[in-house]
Amino acid sequence: MLKTFKIGGVHPPENKLSKDKKIEVLPLPKTVFIPVAQHIGAPATPVVKKGDEVKVGQVIAQSSSFVSTNIHSSVSGKVTKVDFSADSSGYPKQGIFIAVDGDEWIEGIDRSEDLVKEISVDGPEIVKKIQEAGIVGLGGATFPTHVKLVPPKGMKAEVLLINGVECEPYLTSDHRLMLEKADEIMVGIQLLMKAMGVDKAVIGIENNKPDAIKLLNEKCSAYKGVSVQPLKVQYPQGGEKQLINAVTGKEVPSGALPIAVGAVVSNVGTAFAVYEAIQKNKPLFERVVTVTGKGLEKPSNFLVRVGTATSELIEAAGGVPENTGKIISGGPMMGRAIASLDVPVTKGTSGLLLIQEEESKREEIQACIRCSRCTSVCPMGLEPYLLMTLGEKQIFDRAENERIMDCIECGSCSYTCPSSRPLLDYIRFGKGKVGAMIRSRKK
Amino acid sequence: MSITVVYTIVTLAVIGAAAAVILYFVAQKFKVVEDPRIDDVDEALPGANCGGCGYAGCRAFAEACVKASALGDLNCPVGGNETMNNVASILGLEAVKKDPRVAYIRCNGTCEHRPKTSSFDGATTCAIASSVYSGESGCQYGCLGYGDCYDACDFDAIVMHPETGIPEIIDDKCVACGACVDACPKDLIELRKKMPKNRKVVVSCRNQDKGGVARKACSVACIGCGKCVKECPFDAITMENNLAYIDSDKCKLCRKCVAVCPTGAIIEENFPPRKVKPVEKKETKPVN
Amino acid sequence: MSKLLTVSPSPHVHSSESTQKIMLRVVYAMIPAMLWGIYMFGLDAVRVGLISILSCLAIEFLIQKYIMKVKPSITDGSALITGVLLAFNVPVSLPWWIIIIGAIAAMGVGKLSFGGLGSNVFNPALVGRVFLLISFPVQMTSWPATRMMSVDSVSAATPLAVIKEGIKNGIPVSQLQGLPDLSDMAIGFNNGSMGEISAILLIIGGLYMLWKKVITWQTPVSIILTVLVVSGIFWLINPEMYVNPVYHVITGGLMLGAIFMATDMVTSPMTGKGQLIYGVGIGLITISIRMFGAYPEGISFAILIMNAFVPLINMYVKPKRFGGQ
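If you read the sequences in order, they're chains A, B and C.
Numbering follows this note's numbering, with no gaps: position 143 of the first sequence is 143.
Positions in the second sequence are counted from 1; adding 443 to them yields this note's numbering.
Positions in the third sequence are counted from 1; adding 731 to them yields this note's numbering.
Bear in mind the hints are in silico, worked out from the structure with no lab data behind them.
Just so you know, these numbers come straight off a predicted model, no measurement behind them.
Each hint should be verified, as a subset may be incorrect.
Result set (BS3-like, lysine-lysine): computed pairs, CA atoms no more than 25 Å apart in a straight line [what the hints assert, rightly or not]:
#, chain 1, residue 1, chain 2, residue 2
1, A, K81, B, K653
2, C, K1051, A, K6
3, B, K673, B, K653
4, C, K1051, A, K294
5, A, K6, A, K21
6, A, K3, A, K200
7, A, K224, A, K156
8, A, K361, C, K802
9, C, K1051, A, K232
10, B, K541, B, K653
11, A, K250, A, K153
12, A, K6, C, K943
13, A, K78, B, K653
14, A, K200, A, K117
15, B, K637, B, K559
16, B, K659, A, K81
17, A, K433, C, K1049
18, A, K22, A, K214
19, A, K232, C, K802
20, B, K659, B, K559
21, C, K734, B, K659
22, C, K944, C, K1004
23, C, K944, A, K6
24, C, K752, A, K3
25, C, K752, C, K943
Negatives, chain B to chain A, calculated, CB over 12 Å [what the hints assert, rightly or not]:
#, residue
26, V453
27, V457
28, V476
29, N528
30, A531
31, S532
32, V575
33, K695
34, F714
Backbone N, C-alpha and C define an ideal beta-carbon position, used for all residues, glycine too.
All chains, full assembly: derive it from the sequences and hints.
Okay, structure coming up:
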């Protein structure tokens, strides 16, 4: 019996179309737009201006507070402007436009493919370098990694959990990374363990990736303290709290951080980025992005420079098919639909999914028949039907008592609702209002 | 049989008497002493409980009025000056005369003027749509048309225009309670001074983008050219973030700004037809 | 790309589940019992079934279109289920106009007056049935002969009615006339309403619904266990006066009620724990009515009474929250 989390969950069709496609390096774009807010927390402050020459890996925006991080240039060339442009939210965000000219990297970055196994730095230095290299959680949440590695006073991390679950349908970037960069990920895990001062790390991988489980299991013998935990395929296992529950059996209390049960969760992509930052001195300016979709000519996994426009990735995968109805940045369960192809790839872009016209429209909303499917699939043990009604009717104090803030917005409720009700839409709306209520109360 | 009737009457009478005694003592014990003027003020208020005054309802407003030493900050927008005068006379205070106001929706971005660039398919409320993304057109400031203001209005003063999809205010029904102002996530609605015959001169746009960007998204956007600011003889127009704003308290309805606006973003309403045709309306260029 | 891109909040995929599919599965699950009713009662069963289904659909359509002025939703399958259940719950000799009155009570009072599918508090088919039982007690308790009986017997009492008579008059169980064998009743060679007579076929339908995840086990199992335990206690105390508990479980409408009516999604609790409370409540009320009440059968009243408690149960019985309370 494979492990999985205890409450709720769904199993949408996996559709991992690109799981056998090797990671390809995407050709350099002509221009990039690099937003300064690619992470949770304060946006970075631009330190370049129009006309400046920049090189690959150069800091172009400086971290502005502890929960913030540096932004590096992903290309070499000239800054054409520092201006606002739409990101995946559709709202204009500040960023830096660079016209690409050649591919000149700053000095000190080791561009060779050789594996560097020896760890020559100590814990605090690793944290410092992670912060400087602009590393954020690459699973999609984009929380600055250095913040996670420093536990609040009085708490101690006991175990590092590495998220190789990739529970979102369609996405394969983490899967490919595990297959192609297994050793690097392992060294990255060792670095994270050292930074946190723990001697145990568990890599959680869902059972639909037997090749990755096998490969990493073999590697484990060479790296002390690391083990692989195969997991039953169940969405949203990649959620931090669900992964901790699946692997350790512990439940993170409501409103608390994972460190409350002694766990810190990092994505495999993050582990790889940590390896590159410390062993190769290379800041985070490129990442693996899955470009996929049923109508797409060749679903692929690309290594992409941050700031590259969405359109370039789709071109490289065969162009936008005629009957595309929706384009999603991220996976189908939690990703954001984008309105324009000019949206840039950021540190948090794990995939681009093209959905065909007929699947893109929601079905007609029908009356709730109280089938309680939403309640039974909710991984947080909430009652989505009730929270939706409370959001719709704007009864926010009751929604707070029904623990609306525990919702992780995984979308299992909306996915499973036989009446196609927009449960999560209203719950998210209610969360926003309740969150504002709580903040104003604290003041 | 008759004895049953007697028993019944006696029993009921005893129960009734006992209950009356209990009720009397309970009522004494839990008596709440309340200023009788609160009831009087409450009576004088419209009783709509709309919250336009900033209080939870008419009763709460009445309590606030009774407590207050001056009525300066307290105003019932629904009842207007008449109601406030009544309240003032009950309380023996001075009523502060306030100009009546009326809501206006500052967007004229109909489909004709503002081409769609994407289509939204989610729960149809403005609050949710605006939290998902900037909107179906290139203008992130414009009306979404899902009618949160319509839902918020307790006075049937807003109708959704069946063709444009943009809400319209029925001036004679609007009581300026401000519920729609709070409901609009794009902050499009403003309470403006009510002019004679409901006449209006308004910049019907909230687009703060630079001229070219704004114009591309919507043909009737304010492009921030500043002509109206120069033209206005009363200093009623200000320009901030590429957006002109007409202060309704200063505007004298001369309509000179309407004539110079190159995009038609300034709108005049309820005026008699002009003798000379204003600026020739430019042909709307379809984007793409 | 010729058309505009669609933007919507996540999730962007949806399961293949739909309300219609769930409703149809319930209908499929009722087919075995329906066929058995037709076999036992002949064409009269077909007549009752058709009148009931058609009038339920028509009444929903007419009320939604002309009184509520909303888009009629007769295609969602819920009116179909109500129609079948109403037919299951009445004697097949019922005149056509009484069935139509039952359908009006079921759809109009039981469902649409609350706002339609999903908003009703009480199970519509049971509202219809109880309405008829109170308004037309004679017609609703006159049972026609099944094919197993001799041709000249016009009507016969149901096993529960026989038991009730026994309790009222203090006749010991062993001396009661006209009680069929247990095995006959399990298969369905007894008398009663069209859909309730074969316990085995109803259980088969219930298993199908469990397999298709239309219902959960909590409600039917807790009802049946409660009835078994409570009637078992009485039987152990005095086997002369009270019948074997198994008898209680397989006679009358208990199986039909426990499997098809108490499990109605709209009117049953949302959590497993809540469904257990609800089921136990139904079991207790059913057996109290059967043993001490005026009516021989009590499951309809029991379900309706517990329906009224469902909002309260939902209010206080919460699912297990992640991360403790």
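These are the hints, each one checked on the structure:
1. K81/A with K653/B: holds, 15 Å
2. K1051/C with K6/A: Within the cut-off at roughly 10 Å; holds.
3. K673/B with K653/B: Roughly 19 Å between the alpha carbons, so the hint for K673/B and K653/B holds.
4. K1051/C with K294/A: Given that 25 Å is the threshold and the Cα spacing comes to 38 Å, the pair is violated.
5. K6/A with K21/A: Roughly 33 Å between the alpha carbons, so the hint for K6/A and K21/A is violated.
6. K3/A with K200/A: holds, 18 Å
7. K224/A with K156/A: The hint holds at about 20 Å.
8. K361/A with K802/C: Measuring from Cα to Cα gives roughly 21 Å; hence the hint holds.
9. K1051/C with K232/A: holds, 21 Å
10. K541/B with K653/B: Roughly 37 Å separates the two Cα atoms, so the pair is violated.
11. K250/A with K153/A: The given pair, whose Cα atoms are some 21 Å apart, holds under the 25 Å limit.
12. K6/A with K943/C: holds, 22 Å
13. K78/A with K653/B: Holds, because 24 Å separates the two Cα atoms, which is no more than 25 Å.
14. K200/A with K117/A: Holds, at about 18 Å.
15. K637/B with K559/B: violated, 33 Å
16. K659/B with K81/A: holds, 20 Å
17. K433/A with K1049/C: Judged against 25 Å, a Cα distance of about 23 Å means the pair holds.
18. K22/A with K214/A: Since the Cα atoms of K22/A and K214/A sit roughly 18 Å apart, the hinted pair holds (cutoff 25 Å).
19. K232/A with K802/C: The given pair, whose Cα atoms are some 43 Å apart, is violated under the 25 Å limit.
20. K659/B with K559/B: OK: K659/B and K559/B at ~12 Å, within 25 Å.
21. K734/C with K659/B: Holds, at about 19 Å.
22. K944/C with K1004/C: With a Cα-Cα distance of about 17 Å, the restraint between K944/C and K1004/C holds, given a limit of 25 Å.
23. K944/C with K6/A: holds, 19 Å
24. K752/C with K3/A: violated, 32 Å
25. K752/C with K943/C: With a Cα-Cα distance of about 10 Å, the restraint between K752/C and K943/C holds, given a limit of 25 Å.
26. V453: Given that every Cβ of chain A is farther than 12 Å from that of V453/B, nearest at about 49 Å, it holds.
27. V457: holds, 44 Å
28. V476: holds, 30 Å
29. N528: holds, 35 Å
30. A531: About 34 Å separates A531/B from the closest Cβ of chain A, which puts it past 12 Å; holds.
31. S532: holds, 37 Å
32. V575: violated, 8 Å
33. K695: holds, 36 Å
34. F714: holds, 37 Å
Violated hints, in rising order: 4, 5, 10, 15, 19, 24, 32; the structure is consistent with all others.
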